[in-house]
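Chemist: Protein chains in written order, with my numbering: chain A, 1 to 518; chain B, 1001 to 1444.
Hints are computed from structural coordinates only; laboratory data are not their basis. Positions of the beta carbon are idealized from the N, C-alpha and C atoms, including for glycine. Each hint should be verified, as a subset may be incorrect.
Per label pair, the in silico range of CB-to-CB distance [as the list claims (entries may be wrong)]:
1) A/GLY74 to B/ALA1441: 38 to 48 Å
2) B/GLY1370 to A/ALA118: 15 to 25 Å
3) B/PRO1183 to A/ASP62: 21 to 31 Å
4) B/VAL1369 to A/TYR145: 38 to 48 Å
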Amino acid sequence: MSNQSGWKPDMEKGATSPALDAPGLGGAVRGLVHEEPLLFEHGSKGRCGVSLPAPGAKAADDLPAALVRGGIEGLPELSELEVVRHFTRMSLWNHGIDTGFYPLGSCTMKYNPKSSEALARLPGFAGLHPLAPAEHAQGALELMYALERALSEIAGMDVTTLNPAAGAHGELTGMMVIRAWHAAHGNPRKKVLIPDTAHGTNPASAALNGYACVQLASGADGRLHPDTVAAAMDDDVAAIMITNPNTLGLFESDIAEIARIVHARGGLVYGDGANMNALLGNARPGDMGFDVIQYNLHKTFATPHGGGGPGSGPVAVKATLAPFLPLPVVVKEGEQYRLVTDPKERPRTIGRIHGFHGNFGMMVRAWAYLRELGPEGLKATSDLAVLNANYVRASLQGDYNLPYQTDSLHEVVFDDTAQKEAGVTTMDVAKRLIDHGFHPPTIYFPLVVHGAIMIEPTETESKETIDAFVAALKAIAEEANRDPEALKASPSKPFRARLDETRAARKPVLRWTPGMKV
Amino acid sequence: MRYHPHTPEDVRAMLDVVGKKSVSELFRSIPTPLRLQRPLQVPPALDEIALFGELGRMAARNVVSHPPFVGAGSYPHHVPPTVDQLLLRGEFFTAYTPYQPEIAQGTLQALFEWQTFVCLLTGLDVSNASVYDGATATAEAALMATRVTDRSKVVISAAVHPAYRDTLATYLRSTGDEIVTVPFGADGRTDLAALARAAEGAAAVIVGWPNALGVIDALPEAAAIARKAGALTVAVTAEAVSLGLLQAPGALGADVAVGSFQSFGNSMAYGGPAPGFFAIREKYVRQMPGRVCGATVDKHGRRGFVLTLSTREQHIRREKATSNICTNAGLCALASTMHLALLGRQGLADLARLNHERARLLRDELGKVGVKPIFAGPVFNEQAFDVGDAEAVVARLAKRGLAAGLPLARWFPDHPRARGALLCVATELHSPELIQLFAKAVKP
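Could you build the full structure based on these sequences and the hints that come with them?
Modeler: This is the structure:
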């Protein structure tokens, strides 16, 4: 079996090109990958990349001179082609799902459909003003209403808000709803229980709500045990935040019992829905005892991650929590849709959490994806995501240490124990994977696994791609024993070698300035 | 299913390797009572042709035939097609957060450029890599100010966008910090006497630039009051094109500038996504929320970029982080960066002046039919007019396919002139002919 690129690590030994050693910029070329200065470092005075009507000479002569500024020093002066080349060249330094396999655990880097992009750009969606009269926005409201219904059904919940702009924003919103519910019952309570496998956003979202976080240890099998929860549970606990399957890719099999323990003392159960891809059509958080769960549409519903956003983090809740959801809310009255924005109509709402109604553009993409899949397609998505992860697990067992033997769902976590003797770390393995043409998995997370390598292949990857990825990881395991120093020097293929992160943090250079030095 | 590559033979071969007889067996860690035993009740699958038919039908129900005359936090602007065609490069839009900098230099350099644009336009030292939107940026700014000053009172002008103020109130309800709202005067600017009284002991003084009434607020005066009280001045800008004409908030005394860059490169999209921006003076960098990109070198000494100062962030600091934000608005920030690169020095200055010119034309044309501005203060491209009955005008023009503006009574029901007040915007998309048509339609 060959790796994706056909490139072998020893092909480059001794083959240093002058461009590789060149310290600076200024048009150095390696193959057809170009160096490209910052926007502010090229161009020429007087160039412009837009075509606009010219304003009159006195366009702003009515404003007090002290409030007005002239042309802003430092802004680029580039032609349209210069701008096009600038960004096209920079794009070639990036790895995306469209480029190759991207098995970043807990991030669900599945294919982002092109049709969803085209549909989100229909003028009726993209060109609609958020405060347009309701009769001008019936199609948008219909879509939001339908998406809300579908997301409620998929989660096994009663009502969903689409307002949160990302997963962590959904967590914050969900915890605000929990806090408001408790406050309405006389006491917002003080603590939130969070397992040690949780995403960092969970404790951060709880803390923003004024809660103290109590960390719960997961068991030797990687799962949370009812005894642990029972021991920590008291009348000061507002909620437990659980990711299910957890960040080790393991289903919390005792979830129903855990929920019972928390509910018995008046607490609520919050679900981090980052791993919903494992459950679509196979199981529903609402049926397991969860009261609240947030989605990440940019994970489960294939909207693009865009190099760090935008996301969309709808929050689904049980009916008892519905009155507390943020505004606005889409309602259907007869055949007409309307946004409820007035708190007088929803006196128990937590209020607004976004400037408008959330990331509508992401909702269109998610709805397009959901409509193309239908109920069978949604279930097949989780079936195949789980099959792919288990296939990776079975194929790599023996080459890498598997710290937990419990059944995996949509992702699998290995570590670098087997490479330790050769002095090779998870970081070295990850960087060498880049040379083989793959994006590395999530590494050093979850924190409970020392040197974690967290692989989430997703359902959109073929057996051949996974075979090639497995072959690369096997080759790296073999190389670790044979030539660990070569691994330490990786990656050697990409546009930049290992970057000095310590220097970046010690001497922060966070923007361009004239004559900027790094 | 075109997104699922597995043939029945693939599934069989993979199950053999896994050592299972069926896919269902892979789910045995989920107790049977928790397994869903029926198909999900969601609409049936559609092929691509039917999908475009169905979503096309929904899109066609929305009326977008003319550029809206409503702004109020989301602004109609011309986005050169160059932006979207570059944005659709899969290397950009299908990448994740740049956790592996060696293979994410495109995203990282663009973030560094975004941060530079934000600093140049706001006149501040440091920008983060974006936040969700202008409303949450305002809330994050207030929270940062409480950390910096160790105070718990936030003073905000009533003329800051009401949805931003509401979001701030929602965020601060959980932290127990106090919000004092200061009224605006007859000129549409923040009441400075009231501000001076409220600012004592405050963590932050928050004003719009321009404010939500379209008025160029008294930022330098507000900043002087804040400085005297030991509070941070936060300037909020929802219409970022104004920064191409108006003095930079940092140059007028703001310590923090936040808001939305939707106007650069992003469609209105019924309110999102659009990039929130967050800029500060350098001394607050350790308290800044969100990701930030920094320059460094690789092991050959070549310049490159990485995410840095991450010890502020949730994935390292967990409950002690400066914010819970993780995913931000990266691709929207990239769109803004591309649009600003095309505009450049001259283009931005021209665009901003053109917007102001069109707003003056709107005022002149409405003046010809006897419709006058409500507030006396200077404006950028948005202004409130007394149209008699604002809701009636909106309803009447909606029937003609025009979004006429925002009736200010929805925001300020108690304002003495609220009933007649209609907040209208004019941008480069509103041609002189359309503006004339609009004015005649407002007062036939």
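Chemist: Go ahead and decide if the range 15 to 25 Å is satisfied by the Cβ distance of B/GLY1370 to A/ALA118.
Modeler: At roughly 46 Å between Cβ atoms, A/ALA118 and B/GLY1370 fall outside 15 to 25 Å, so the hint is violated.
Chemist: Given the hint of 38 to 48 Å, check if B/VAL1369 and A/TYR145 actually sit that far apart at their C-beta atoms.
Modeler: holds (39 Å)
Chemist: Just tell me: holds or violated, for the beta carbon distance of A/GLY74 and B/ALA1441 against 38 to 48 Å?
Modeler: Holds - the Cβ-Cβ distance for A/GLY74 and B/ALA1441, about 43 Å, lies within 38 to 48 Å.
Chemist: Could you tell me whether the CB distance from B/PRO1183 to A/ASP62 stays inside 21 to 31 Å?
Modeler: holds (26 Å)
Of the numbered hints stated above, the single one contradicted by the structure is hint 2.
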